[in-house]
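Novice: Please work from the sequences and hints to get the whole structure.
Those protein sequence lines, which keep their order, are chains S and X. For the first sequence, our numbering gives the first residue as 1, with consecutive numbering after it. For the second sequence, our numbering gives the first residue as 1, with consecutive numbering after it.
Hints were generated in silico from the structure; no laboratory data involved. The structure presented is a predicted model; accordingly, all values stated were derived computationally and were not measured. Note that the Cβ used here is the ideal one computed from N, Cα and C, for glycine as well. One or more of the hints may lead you astray.
Stretches of chain S that chain X covers, calculated by requiring three or more beta carbons in the stretch to come under 8 Å of a beta carbon on chain X [what the hints assert, rightly or not]:
id : region
1  : 16-23
2  : 44-57
3  : 63-72
4  : 81-90
5  : 93-106
Pairs of lysine-lysine residues, derived as DSS-like cross-links and limited to a Cα-Cα distance of at most 27 Å, are as follows [stated by the list, open to error]:
id : chain 1 : residue 1 : chain 2 : residue 2
6  : S       : LYS53     : X       : LYS21
7  : S       : LYS111    : X       : LYS121
8  : S       : LYS25     : X       : LYS121
9  : X       : LYS111    : X       : LYS320
10 : S       : LYS19     : S       : LYS234
11 : S       : LYS53     : X       : LYS25
Restraint-style ranges between C-beta atoms, simulated for each label pair [claimed, not checked]:
id : chain 1 : residue 1 : chain 2 : residue 2 : range
12 : S       : SER378    : X       : PRO60     : 51 to 61 Å
13 : S       : SER291    : X       : GLN222    : 55 to 65 Å
14 : S       : SER378    : X       : HIS56     : 49 to 59 Å
There are 2 protein chains.
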Amino acid sequence: MRKVIVQKFGGTSVADTEKIKNVAKTVIREKNNGNDVVVVVSAMGHTTDHLVKMAHDINPNPSSREMDMLLSTGECVSIALLTMAIQAQGHKAVSFNASQIGILTENVHSKARIVDIKTEKLKKNLDEGNIIVVAGFQGVTEDGEITTLGRGGSDTSAVALAAALNAERCDIYTDVEGVYTTDPRVVPNASRLDIVSYEEMLELAHAGANVLHPRSVETAKQYSVPLRVRSSFKLDNMGTLIVGVEQMEINKPVTGVAADSSQVRIVVCEVPDTPGEAATLFTCLAKENVSVDMIIQSYARKESKTNDIAFTVTKEDLPKTLEVLEVVKKKLNAGDIKIDEDISKVSIIGAGMIDRPGIASTMFQTLADAGINIKMISTSEIKISCLINKEDDTKAVKALHDVFQLGCDEVAEVKGTLPDV
Amino acid sequence: MRKVIVQKFGGTSVADTEKIKNVAKTVIREKNNGNDVVVVVSAMGHTTDHLVKMAHDINPNPSSREMDMLLSTGECVSIALLTMAIQAQGHKAVSFNASQIGILTENVHSKARIVDIKTEKLKKNLDEGNIIVVAGFQGVTEDGEITTLGRGGSDTSAVALAAALNAERCDIYTDVEGVYTTDPRVVPNASRLDIVSYEEMLELAHAGANVLHPRSVETAKQYSVPLRVRSSFKLDNMGTLIVGVEQMEINKPVTGVAADSSQVRIVVCEVPDTPGEAATLFTCLAKENVSVDMIIQSYARKESKTNDIAFTVTKEDLPKTLEVLEVVKKKLNAGDIKIDEDISKVSIIGAGMIDRPGIASTMFQTLADAGINIKMISTSEIKISCLINKEDDTKAVKALHDVFQLGCDEVAEVKGTLPDV
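Specialist: Right, dumping it as structure tokens:
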């Protein structure tokens with residue numbers, strides 16, 4: 001029984017015809033290992049940006065259906081060219097867009113979720129000896145409408161295909177060499193992790209280490225698909241394997257440190273302290289599809305019987321959030337709304353911190369020793385996050401990386417770009 | 001009952017975002033006339049050339065399946081952008097690729113023929129008040145394989161949609177103002193024809209007046225779809241209407257003059273004069289999909305019992321033709337093969353020449369008076385073609401245009417490019 005390997009190459013890996021020829025070599029190398037290979041590709045380099053620019057030239061507010069029609073073309077170009085490149089090197093290959101295979105999604109444009117993948121056509125073509133090249137980022141509804149999967153879409157396509165085909169592994173080729181203990185651009189002696197759990201990777205991703213989109217990691221976790229993040233350019237480097245925590249031996253309490261400055265803190269002052277007020281606030285935000293990250297409600301002030309409610313949202317969602325708050329503020333009879341954009345969330349992540357009570361206090365003490373003020377704190381089983389001033393975040397990451405002994409002796413070779421999605 | 005108008009815009013009409021906005025205006029103008037509108041568009045400007053170049057960088061001999069996957073993306077970009085442009089101007093619109101509608105073709109890549117078009121989705125969307133924007137040039141097989149229709153494909157898509165929807169008219173918008181009595185770049189006082197029959201248009205097209213691809217005219221004739229060729233830029237000019245000959249009043253014996261220098265003459269010398277030899281030759285060419293145009297077989301020379309067989313093929317088909325001839329020559333025990341590339345076929349076309357015997361002799365005399373040697377002659381009911389030296393073709397066209405009184409008093413305003421397909 002042959003094993004199926006799913007490979008995913010991002011836009012920088014297929015940015016021009018020479019790079020596409022190189023990707024073909026990497027694909028064939030895996031096929032020559034005796035495996036069946038399914039390849040998922042993104043749009044070439046800046047194709048998507050170019051298409052978005054044309055769309056906005058024409059219509060400042062294009063419909064999401066037509067944006068999906070437009071953007072899905074980028075991947076269709078890549079799959080045909082990569083297939084031609086594989087064929088030029090003497091191997092059987094065939095390309096399919098999402099509609100042809102049946103990568104079924106919900107009927108939602110611009111950020112649809114995959115609900116099912118038909119495997120009949122894929123299996124038939126693999127059995128015939130073909131390397132299969134699939135357009136990432138796109139899906140199709142039961143009615144034949146073209147959808148896209150949103151940020152990180154191609155990673156998600158690859159993982160979902162690997163799950164559907166019961167693949168041995170899903171290799172995400174990118175221009176970084178794997179997952180690091182922290183951003184190597186900030187901490188030069190950051191170590192590459194050989195192995196990390198889905199749970200840690202999810203927290204790392206949410207905490208700002210955007211090697212992989214959280215959705216793809218969640219899907220991998222759900223279907224137990226081993227994921228490998230590896231370099232398109234250094235094929236001998238095996239990158240980072242991402243698996244279930246039960247498959248790992250845990251040595252250190254903390255696996256990684258991450259900073260995320262994409263959020264903004266909002267404080268709604270003087271919310272009357274009656275039951276259900278916080279629920280009203282966050283229900284209204286949820287209805288508008290605003291994801292709230294950290295939330296703190298201060299103790300009610302006895303004299304005024306009001307609370308201050310602080311929370312964070314992404315900068316992208318700020319305008320929508322303010323719109324909602326204008327309405328909610330009146331409804332709740334709340335006070336001022338304060339916005340703080342110069343913040344950063346610093347997190348330590350590690351499956352090993354469960355039942356080791358000293359970790360949080362070490363983190364707080366380390367930040368205090370570095371003279372960094374903590375504005376908010378949130379914790380999960382395997383993560384502790386502190387909101388701090390943005391200007392302090394590099395200092396905080398370095399101090400935490402040191403105190404938890406995450407560095408290695410070598411200095412990582414760092415490329416200037418992060419992988420696209 | 002609302003009428004359906006199908007409009008087709010070629011690549012030069014949608015070459016950039018500004019032009020796409022203009023096309024949207026033209027589309028809306030027709031919608032505002034109270035008609036249901038279905039628009040067919042080609043790929044933007046040089047998109048197809050760019051895609052072909054990338055393909056050839058990667059694979060000098062790309063598979064036709066993958067070329068169809070690749071090239072079909074060009075039209076998918078145009079339809080999304082045009083739809084956004086129509087929406088920006090406040091009208092309901094929706095785009096569909098060929099797979100979504102079900103423009104079913106034979107299972108042949110790079111030059112498939114349309115076998116059926118599903119109209120359910122189109123009618124439903126028209127009933128909902130949408131302007132429908134459809135990707136030209138592409139189709140889909142019963143198995144979901146993407147095909148393309150070859151040269152002139154978008155014209156054919158438009159006509160086939162008009163036939164399927166029983167449309168009032170199919171308007172082909174282009175950068176010429178209509179069909180002329182001859183190429184206005186050659187004869188400045190060429191007249192625009194207000195009306196021309198399908199049959200004449202077919203002969204004009206085959207004779208080198210490449211305003212419309214013959215296949216689209218054949219389809220229009222088959223389903224009696226009135227076609228109008230008109231300018232994208234001069235909307236008040238009604239262009240040329242193409243209808244059945246029975247709907248026309250015929251005044252002149254000759255409607256137009258055309259020259260075609262895309263062919264090459266081949267002479268196979270000394271083919272033994274035994275039955276079936278010519279059949280062998282042309283069957284072998286047909287098997288390789290080479291279309292032969294003019295054919296002349298000389299009288300058998302008594303002394304040698306051999307014939308010379310002369311015929312013309314397009315320059316594009318020359319390499320394939322020579323390959324076939326190398327094999328056939330041995331099989332037939334024929335003599336040398338001579339090739340003449342410096343030829344041109346000059347034709348006069350007119351439904352009115354039926355039963356007017358003087359027309360052919362006027363043509364031959366006119367060429368003789370101009371000192372032009374005729375190398376081959378072929379005739380149909382409504383066309384007489386003479387093969388001449390290429391260097392004489394402008395002179396020939398001018399002389400014939402004059403003698404059949406096709407000119408007008410004005411000098412046509414001519415754009416330098418011919419419409420793409």
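Novice: Now, for every hint given, state plainly whether the structure supports it.
Specialist: Against the structure, the hints:
no.	hint	in the structure
1	16-23	holds (count 3)
2	44-57	holds (count 4)
3	63-72	holds (count 7)
4	81-90	holds (count 6)
5	93-106	holds (count 5)
6	S:LYS53 to X:LYS21	holds, 15 Å
7	S:LYS111 to X:LYS121	holds, 25 Å
8	S:LYS25 to X:LYS121	violated, 43 Å
9	X:LYS111 to X:LYS320	holds, 17 Å
10	S:LYS19 to S:LYS234	holds, 14 Å
11	S:LYS53 to X:LYS25	holds, 21 Å
12	S:SER378 to X:PRO60: 51 to 61 Å	holds, 58 Å
13	S:SER291 to X:GLN222: 55 to 65 Å	holds, 57 Å
14	S:SER378 to X:HIS56: 49 to 59 Å	holds, 55 Å
When each numbered hint is compared with the structure, a violation occurs for hint 8 only.
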